[in-house]
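Participant: Residues per chain are reported as follows:
There are 2 protein chains.
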Amino acid sequence: MKTYCLIVQYDGTDYAGFQVQPGQPTIQGELETALQKLGPNFIRIAGAGRTDAGVHSEGQTVSFRDDQLTVPVDRLPYALNSLLPRDIRVVESRMESNQFHARISAKDKTYRYQIYEGPFPNVFYQRYAYWSKESLDWERMSECGKLFLGKQDFAAFAASGSSVKTTVRTMYDVQVDAEHVLKTIRFTADGFLYNMVRNLVGTMVDVGLGRRSLREVESILESRDRRLASATIAPQGLFLERVNYS
Amino acid sequence: MKTYCLIVQYDGTDYAGFQVQPGQPTIQGELETALQKLGPNFIRIAGAGRTDAGVHSEGQTVSFRDDQLTVPVDRLPYALNSLLPRDIRVVESRMESNQFHARISAKDKTYRYQIYEGPFPNVFYQRYAYWSKESLDWERMSECGKLFLGKQDFAAFAASGSSVKTTVRTMYDVQVDAEHVLKTIRFTADGFLYNMVRNLVGTMVDVGLGRRSLREVESILESRDRRLASATIAPQGLFLERVNYS
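Going down the list, the sequences are from chains Y and V.
The C-terminal residue of the first sequence carries number 1247 in my numbering, and the numbering is unbroken.
The C-terminal residue of the second sequence carries number 1247 in my numbering, and the numbering is unbroken.
Incorrect hints may appear among the rest.
Identical copies go unnamed one by one, so any copy, or any two together, can satisfy a pair.
To be verified - Keeping only pairs whose Cα atoms sit at most 20 angstroms apart, straight-line, the calculated SDA-like set for lysine to any residue is:
| hint | residue 1 | residue 2 |
| --- | --- | --- |
| 1 | Lys1147 | Arg1051 |
| 2 | Lys1147 | Gln1022 |
| 3 | Lys1134 | Leu1085 |
| 4 | Lys1134 | Leu1077 |
No lab work stands behind these hints, which were simulated from the structure alone.
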């Protein structure tokens, strides 16, 4: 069996998320349907991150195994793009070793969250940013971001009801950039719990609005209690930016 | 009669352009329908630039006269936005003197054209940029832009069949910015002929591809012959960025 790796960009607005769900348009579903047209086998793919409904990707990484695809690996993006909807594009393809798995082999991932501040929603950012009518204190949000660095138990920021072995993750970097019209917060970690980025950003926005103190955020982290953190922020500001492998 | 001025942003993707056309969705049509709901009179509006189907605006300026609107001028954006589709937003409103007319009073306008270069179309720029599969020589395009500066007859770059008194316009500035993923060309002039920006950019892209020399572009300008210029480039990369008044 050969192992393939693809890098996929998508505008998640019109999809029910990455992961296949019966009767709903999903990124995985569209990719598997397109692959099915290229060879005799049904091919199950694995994505590095299971992005939610409305979440976008600039660097989703996908792997799969097959030995009967006849399209050469460097032509795969062209072949797949001709079969995929316009809001999903395969932008890179390569062969990998048999040990490679897009999710399990990932060393770390970077997610970016975009926020637009202004009195009225911006028509060009509606699909791609969270709109804050009120001004945010970006310096305090940057301070807040530092609290999330390092190896920590992020249980308070995981979606309730998710079943994972451990809620400990290592956050390598949190970068707040408020220099441009579109403000961004980037998180790089060895893994993310379900809804974790949107829960962290929801809490950071509350800090930026003066609704929560940094001391409170520290207590929330320590509590490991999801009920104490802020509401999960809207999906449309979230982008899976990059997946790194060693 | 009072004279009102509005600044309007819109994503032009789903519209047949600014100007009212029977049976078609237009920006002017949506704005006039919304205004009609706020007062007893039908209000005809004037826009500073008649943007085409698929063309966007960050700073379209609109004026109209009425004496029976009861909504205070500073509340107009809120009142209109609650009635407008999500892809049209009124972001500013003010009273003007009776002599003011959004198009006639304009001192100059700035249009921006966006280009994305890469082997595959970018899913996030599909509605907002022209995609060039081939790399462009941005230095030569910048040189080309300089040929368009000053008071000149732009007849070769006007849509054929347009009836205007004069095809002479003064171009104050042409700025090429190729520093970021999204490349931009900004044009500031005292006025623009129909399709002029898209014809200028079409010709600049041909220069960037090495299909035309700067000497040829000079000849095209001098010829005043529309048939010599390059094809009109796609509308989705074009933004009316700002309208200036003295």
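Participant: Compare the structure with each hint and give your call.
Facilitator: Going through the hints against the structure:
no., hint, verdict
1, Lys1147 to Arg1051, "neither (25 angstroms within a copy, 49 angstroms between copies)"
2, Lys1147 to Gln1022, "neither (36 angstroms within a copy, 54 angstroms between copies)"
3, Lys1134 to Leu1085, "between (36 angstroms within a copy, 18 angstroms between copies)"
4, Lys1134 to Leu1077, "between (44 angstroms within a copy, 17 angstroms between copies)"
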